[in-house]
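Keeping the supplied structure of chain A fixed, place chain B upon it in accordance with the hints.
Chains A and B are the protein sequences, given in the same order.
Mapping of the first sequence onto the UniProt record's numbering: position 421 corresponds to residue 421, and the numbering continues sequentially without gaps.
Mapping of the second sequence onto the UniProt record's numbering: position 106 corresponds to residue 106, and the numbering continues sequentially without gaps.
Be aware that a few hints might be false.
Said to hold, decoys possible - In silico lysine-lysine, DSSO-like type, Cα no more than 27 Å apart, as pairs:
id	chain 1	residue 1	chain 2	residue 2
1	B	LYS22	A	LYS440
2	A	LYS367	A	LYS425
3	B	LYS115	A	LYS446
4	A	LYS446	B	LYS6
5	A	LYS428	B	LYS57
To be clear, the hints were calculated from the coordinates, so they are not data collected in a lab.
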Amino acid sequence: MKLPIYMDNHATTPLDPRVLEAMLPYLREDFGNAASRNHAFGWKAEAAVEKARKQVAELIGASDKEIVFTSGATESDNLAIKGVIEFYKAKGDHIITLKTEHKAVLDTCKRLERVRQERLDELKMLRLSQLAERDVAPEDVPELAAKYRIEEDAQYQKWAALPTGGARVTYLDVEKDGQVSLEKLAAAMTDKTVLVSVMFANNEIGTVQPIAEIGKLCRQRGVLFHCDAVQGLGKLPFNVDEMSVDLVSITSHKMYGPKGVGALYVRRKPRVRIAPLMDGGGHERGMRSGTLNVAAIVGFGKAAELAREEMAEESARIFRLREKLRTGLMNQLDMVIVNGSLEHRLPGNLNVSFSYVEGEALMMAIKDVAVSSGSACTSASLEPSYVLRACGVEEDMAHSSIRFGIGRFNTEEEVDYVIRLMVEKVRKLRDMSPLYEMAKEGIDLKSIEWTAH
Amino acid sequence: MAYSDKVIEHYENPRNVGTLDKNDPNVGTGLVGAPACGDVMRLQLRITDEGIIEDAKFKTFGCGSAIASSSLVTEWVKGKTVDQAMTLSNKDVARELSLPPVKIHCSVLAEDAIKAAIEDFKKKREARSVKPTAS
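Here chain A stands alone, though its shape is the one from the complex (with noise of 0.2 Å):
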């Protein structure tokens, strides 16, 4: 056994060998650009792009030629969110998203919500330099007064019912196991509901989304529904045309393919349109100009595949590994709690609070093992993890928490390594832990009153 192990595969994966040997000849003699119609090194190139396309498609049931290629899940979240409100502005402008998304669809929305409320400041200064140059001062005739209230305020809904190009934003707040209710769901719905954007699989708790039925509740109202599918692609099965997703982010080095290169799928029947982000050479159909990265591609298609043929019988043992990590932990050790449902979680993805031990002095304890915390400890911010507190994670437990994402080249001897290393730090830590001692004696911790910095 090798250390340092890694195991945090939903940070990134290592580049499986077999991908690196499908992209090496891109990178060699087959480099041409795929744009270049008019000789043979760019026809080599564009026919490896279309293999690669199909082979992303397959993942999910998709067309290839639904596929659009992007730099990595971050665009394609850029392009999915901001293209459809650009592109249906005349329809509405209100978004229905989770809490717990990635920082790549909740930013995003925070953008838009500034653009728009930019628009509406902008209409708001320009109809009061309009109310200037009247030739009476309200104030100076009461009656007047009111009636151009009235009118400003009738005028100031029009202009916010108006399309801004930016949006209104619904941030969902999710059940404690980390998955959305569907009742809250159809509750936030409106008629100017243009998109809801739910992730497949969370990052950090490894909760899977009821993608199917938000999908269908989706079609019903006639809104659009983009997914961000990047953790569970290639670990469970996902399908566009069964789940009724109409826009899907999908990244390649998830899933043990190069970094720099994904994709957004974004479907044909009925047809659903996207303003580009980017303006240029009219490559992917127009929808995201800019010469591919052909050899990135090819990796990609390879790892797309290769996720396809063998995710069942591959997530059958990362779940056992998991199992293991997790039914060993718990044995051995009191007050572990596992954050995010059981039932529908990721098979790879352990994600416990170690009660009264702070989760980056324990990574620090195990630096043989790249884990992942969700304490802050390290940011400037110091706030624990939004996604646990989301989920109703108290502060302290956030604190203590620690992610493990466990991959297609983990084994079960580094998973024996793992729970003793494990054991053996957090007893150490938690020997050095007031807060442990105080909970053994029996002290409620709640009730002492702490000097909160």
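For chain B alone, coordinates are given in the frame of chain A:
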């Protein structure tokens, strides 16, 4: 984040981890921080009647820097007088451990813990010197 060698050394071999009897009239206990903020430090000092710190123990829930900061101050205060210990500042801790700006908080906590422990000791002494009146 890359820690300094001193932080790692204290984290891996913390000095003076443990518990003193909080009911001992010569023991002052300082408990600072909050679980919700991700760090709680408990520092206990046994102080002679002459005001010399003869023992120090800590327990800390927090990141590596918080553990190292508390371990360091237990070493520093031992053998010092109460007045000398009161002059220890978080800046000394931060400098000694080369804490990055985002971790200065941990050194502040260590300074606060010393002050809180001494405060607790002084309160106990005052309570002792006031003779209970017969009822």
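field: Violated hints - listed by number, lowest first
entry: Of the numbered hints, just 4 does not hold.
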